[in-house]
Amino acid sequence: LDLIVGSVVAAPGPPTPAKRKPTKKTKKAVVFFEVEILDAKTKDKLCFLDKVGKVLPSFSLHWYPARQSIRLDPKGKSLKDEDVLQHLPVGTTATFYFRDLGAQISWVTVFLTEYAGPLLIYLMFYFRVPFIYAPKYDFTTSKHWVVHLACMCHSFHYVKRLLETLFVHRFSHGTMPLRNIFKNCTYYWGFAAWMAYYINHPLYTPPIYGEQQIRLALTVFLFCQIGNFSIHIALRNLRPPGSKTRKIPYPTKNPFTWIFLLVSCPNYTYELGSWLGFTLMTQCLPVAFFTLVGFIQMTVWAKGKHRSYLKEFRDYPTLRSPILPFIL
Amino acid sequence: MASGEEDRTVEEKETNNKKRTKGAIATAWLTFYNIAMTAGWLVLAVVMVRYYLQKGTHKGLYKNIARTLKFSQTFALLEVGHCAIGIVRTSVIVTGVQVCSRIFMVWFITNSIRQIQNEESVILFVVVWTITEITRYSFYTFNLLNHLPYFIKWARYNMFIVMYPLGVIGELLTIHAALPYVRRSGMYSLRLPNKYNVSFDYYYFLIIVMLSYIPLFPQLYFHMLRQRRRVLHGEIVVEKDE
Numbered sequence: 001l002d003l004i005v006g007s008v009v010a011a012p013g014p015p016t017p018a019k020r021k022p023t024k025k026t027k028k029a030v031v032f033f034e035v036e037i038l039d040a041k042t043k044d045k046l047c048f049l050d051k052v053g054k055v056l057p058s059f060s061l062h063w064y065p066a067r068q069s070i071r072l073d074p075k076g077k078s079l080k081d082e083d084v085l086q087h088l089p090v091g092t093t094a095t096f097y098f099r100d101l102g103a104q105i106s107w108v109t110v111f112l113t114e115y116a117g118p119l120l121i122y123l124m125f126y127f128r129v130p131f132i133y134a135p136k137y138d139f140t141t142s143k144h145w146v147v148h149l150a151c152m153c154h155s156f157h158y159v160k161r162l163l164e165t166l167f168v169h170r171f172s173h174g175t176m177p178l179r180n181i182f183k184n185c186t187y188y189w190g191f192a193a194w195m196a197y198y199i200n201h202p203l204y205t206p207p208i209y210g211e212q213q214i215r216l217a218l219t220v221f222l223f224c225q226i227g228n229f230s231i232h233i234a235l236r237n238l239r240p241p242g243s244k245t246r247k248i249p250y251p252t253k254n255p256f257t258w259i260f261l262l263v264s265c266p267n268y269t270y271e272l273g274s275w276l277g278f279t280l281m282t283q284c285l286p287v288a289f290f291t292l293v294g295f296i297q298m299t300v301w302a303k304g305k306h307r308s309y310l311k312e313f314r315d316y317p318t319l320r321s322p323i324l325p326f327i328l
Numbered sequence: 001m002a003s004g005e006e007d008r009t010v011e012e013k014e015t016n017n018k019k020r021t022k023g024a025i026a027t028a029w030l031t032f033y034n035i036a037m038t039a040g041w042l043v044l045a046v047v048m049v050r051y052y053l054q055k056g057t058h059k060g061l062y063k064n065i066a067r068t069l070k071f072s073q074t075f076a077l078l079e080v081g082h083c084a085i086g087i088v089r090t091s092v093i094v095t096g097v098q099v100c101s102r103i104f105m106v107w108f109i110t111n112s113i114r115q116i117q118n119e120e121s122v123i124l125f126v127v128v129w130t131i132t133e134i135t136r137y138s139f140y141t142f143n144l145l146n147h148l149p150y151f152i153k154w155a156r157y158n159m160f161i162v163m164y165p166l167g168v169i170g171e172l173l174t175i176h177a178a179l180p181y182v183r184r185s186g187m188y189s190l191r192l193p194n195k196y197n198v199s200f201d202y203y204y205f206l207i208i209v210m211l212s213y214i215p216l217f218p219q220l221y222f223h224m225l226r227q228r229r230r231v232l233h234g235e236i237v238v239e240k241d242e
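Going down the list, the protein sequences come from chains C and F.
Each residue of the first sequence is one higher than the one before, counting from 1 in our numbering.
Each residue of the second sequence is one higher than the one before, counting from 1 in our numbering.
These are calculated hints, taken from the structure and not from any lab test.
Any given hint could turn out to be false.
To be verified - Going by beta-carbon spacing under 7 Å, a handful of chain F positions derived as facing chain C: (1) Leu192; (2) Pro193; (3) Lys195; (4) Tyr196; (5) Asn197; (6) Val198.
Stated by the list, open to error - Not close to chain C: a few residues of chain F, all C-beta gaps over 12 Å, as computed: (7) Arg20; (8) Tyr51; (9) Gly81; (10) Val97; (11) Ile134; (12) Leu179; (13) Met224; (14) Arg229.
Because the structure is a prediction, the values reported are computed rather than measured.
Think of the CB as a built atom: it goes at the ideal place given N, C-alpha and C, for glycine as much as any other residue.
Isolated chain C, as found in the complex (with noise of 0.2 Å):
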């Protein structure tokens, strides 16, 4: 039910235009609804409408439709945009449900900003920008090759998120809460940087096992990333443009694809496999801090899309598990 700014689109006779989403004039007759909106946590009536056709009218211009959350019971999950009046289990008379979800935010926003933080704040430490560092260090740099490796590593992560963000996910929900900028991009700069000082630090100590283990881990790194965009590439084709539909992930083609067969999350088990890479390769421990904080949040969210997978599909393939194979 999108509500709109317009007005109640009626068949037959003349149809007043409807600002965004135009109905088709049909021929026969239409059946008229009756809505009446309540708030969902004091029951007060917000508003009510007869001869509703397909479209509601918006009825409050303060609530954009993005943070409206309408419902058919005050305790139940929201209606979709997509969904039809007359498909809904309503009598003549609909009593729905109206719950402010709050200020929002595009997933767009959100993610781009999270995301170019990190790529920023690391290059400051990097070139050791003044005051982070003692004054005879501004704009040194490093003499391990590894901290130079790191540093494309770390880069070259978050260009290859903003994008994927840009150019490639397809998001189900337009937008989000708007604290939650606050907390995300707490979370991403404040790791960031944490990592950044001390891998970009004047007294850093190389990994133990020196060049063996630094090329162990590019290698993880690498195939890790490869394979957390070849799952973001499949997840993408699973879904045609501007369309929301959910469908069973399958292998393709792509052999870091065949990791569906074990997972139902693979995205996130590749992007663990980067992080342990980028672990090995600093053997910094505010790093593999950030590795483990990620991958208990990674895992929190893979169980519940396996979790939904297996509600939504019946037929749903059972060798999977969330995020690791058999384990997790």
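Model the placement of chain F on the given structure of chain C, informed by the hints.
Chain F alone, transformed into the frame defined by chain C:
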């Protein structure tokens, strides 16, 4: 089939019996725990009063109560477990934060920094804690025994209004007094370079801890105020929705 239905009701009865025994064991354990804690803190109170009456000063008092204080306060870690397994209906996080801050004060400040043990601020927070804990644990005990005298309920939900801020003042003053000794000794700190490429400065950590009282204390304080309103005045407080 008839026998199948019988099996099911037998099973239901078994699970209900199991639930009841589990509830009884939980209540018995919690009653024992709360009586033990009330006793522990009472002992502490008695020792403190006796020492002050005999010596007339608080200098040297800490050494006397150190063992009982450490024992009683560390034992309170069990309360986090009680919330986690669900036999106590409180948030694990709220309990965890409170118990951790107590453990931190006892073990990582007062116990390990000998030079501040005779400070007045130490006596202040120990006295506050003693009064608060005796009230709290006797409240829980009486509640479990279903015989709650009103004055205990009144004390539990009113004394914190004064005790909480006083305790915070005592704690903050103590940490502040400890700072110069921490800086000089470099205790609990890790410097660069090292193979983990990390550093930790206990001095700055303590400053951050002191600053964290600013957002944390009001949250805990208002949580208690809300509980107070609900218990004493039966008001329905509309919780913020996420």
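Comparing the hints with the structure gives:
{"no.": "1", "hint": "Leu192", "verdict": "holds, 4 Å"}
{"no.": "2", "hint": "Pro193", "verdict": "holds, 4 Å"}
{"no.": "3", "hint": "Lys195", "verdict": "holds, 5 Å"}
{"no.": "4", "hint": "Tyr196", "verdict": "holds, 4 Å"}
{"no.": "5", "hint": "Asn197", "verdict": "holds, 4 Å"}
{"no.": "6", "hint": "Val198", "verdict": "holds, 4 Å"}
{"no.": "7", "hint": "Arg20", "verdict": "holds, 31 Å"}
{"no.": "8", "hint": "Tyr51", "verdict": "holds, 45 Å"}
{"no.": "9", "hint": "Gly81", "verdict": "holds, 21 Å"}
{"no.": "10", "hint": "Val97", "verdict": "holds, 19 Å"}
{"no.": "11", "hint": "Ile134", "verdict": "holds, 39 Å"}
{"no.": "12", "hint": "Leu179", "verdict": "holds, 23 Å"}
{"no.": "13", "hint": "Met224", "verdict": "holds, 25 Å"}
{"no.": "14", "hint": "Arg229", "verdict": "holds, 19 Å"}
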